[in-house]
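Next come the chains, spelled out residue by residue.
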Amino acid sequence: EPEVTQTPSHQVTQMGQEVILRCVPISNHLYFYWYRQILGQKVEFLVSFYNNEISEKSEIFDDQFSVERPDGSNFTLKIRSTKLEDSAMYFCASRNPGTGGAGAFFGQGTRLTVV
Amino acid sequence: GEDVEQSLFLSVREGDSSVINCTYTDSSSTYLYWYKQEPGAGLQLLTYIFSNMDMKQDQRLTVLLNKKDKHLSLRIADTQTGDSAIYFCAESRRDDKIIFGKGTRLHILP
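Residue numbers (my numbering), protein chains in the order written: chain A, 1 to 115; chain B, 1001 to 1110.
Please note that the accuracy of each hint is not assured.
Mimicking DSS-like on lysine-lysine, the simulated pairs with C-alpha atoms at most 25 angstroms apart in a straight line are [as the list claims (entries may be wrong)]:
{"hint": "1", "chain 1": "A", "residue 1": "Lys78", "chain 2": "B", "residue 2": "Lys1068"}
{"hint": "2", "chain 1": "B", "residue 1": "Lys1056", "chain 2": "B", "residue 2": "Lys1068"}
{"hint": "3", "chain 1": "B", "residue 1": "Lys1102", "chain 2": "A", "residue 2": "Lys83"}
{"hint": "4", "chain 1": "A", "residue 1": "Lys42", "chain 2": "B", "residue 2": "Lys1070"}
{"hint": "5", "chain 1": "A", "residue 1": "Lys42", "chain 2": "B", "residue 2": "Lys1067"}
{"hint": "6", "chain 1": "A", "residue 1": "Lys42", "chain 2": "B", "residue 2": "Lys1036"}
{"hint": "7", "chain 1": "A", "residue 1": "Lys78", "chain 2": "A", "residue 2": "Lys42"}
{"hint": "8", "chain 1": "B", "residue 1": "Lys1036", "chain 2": "B", "residue 2": "Lys1102"}
{"hint": "9", "chain 1": "A", "residue 1": "Lys57", "chain 2": "B", "residue 2": "Lys1102"}
Stretch-level coverage of chain B by chain A, calculated; a stretch enters the list once three of its residues show a Cβ under 8 angstroms from a Cβ in chain A [stated by the list, open to error]:
{"hint": "10", "stretch": "1037-1043"}
{"hint": "11", "stretch": "1100-1107"}
Short, incomplete list of chain A residues facing chain B, as computed with Cβ under 7 angstroms [claimed, not checked]:
{"hint": "12", "residue": "Lys42"}
{"hint": "13", "residue": "Ala102"}
{"hint": "14", "residue": "Gln108"}
Note that these hints are calculated values from the structure, not bench results. Where a beta carbon is used, it is the ideal one built from N, C-alpha and C, also for glycine.
Pulled out of the complex, with its shape left as it was, chain A reads as follows:
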């Protein structure tokens, strides 16, 4: 079965450092997403990406965040200067158009800990 893979599974970083979270979406998918889940909280939408540009972003996705699809296979989330409150589980997802969420596949997540 196809799957979305995320690396690393756990990353610890010092406050103020830049981090890049990596995702390999399913190969023929065209929509890509990042979500985050602060410990014990709801899963929150961050950003959606289609046709090499951001299609929608939430209020959380401020200037400290950026996404990129550098090589046609990876989809990355960069946080420029991490804050303590960025500590969360970050989930990547991908799907094909026309399938709605029914076809959305989620990765296993990257747990980011900012110290």
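Assemble chain B onto chain A, guided by the hints.
For chain B alone, kept in the frame of chain A given last:
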């Protein structure tokens, strides 16, 4: 704006049925979902229902949708210890982001 509400905790005896309820606000929702998250794990899509359906059954899982009241429920028959997890209700419009609820933690009593 879009919002999804669900109760935070549910305790059920092993072998009984579990019913997890959810309400949502977006009348334009096309898909309604139930995701399962086990401790330390990712999001597993359990089942989904199109907004023009009112019921879907898949083995031990039954999803009921009352579109008029914007109410969704998940029934798990013969609840087992392996069903212990957090269950997220979620919705999306066609080709749009998924909006999640806060999740219901299902605790199984022996």
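Hint by hint, where does the structure go against what was stated? Just the numbers, ascending.
Hint check: 1 fails alone, others pass.
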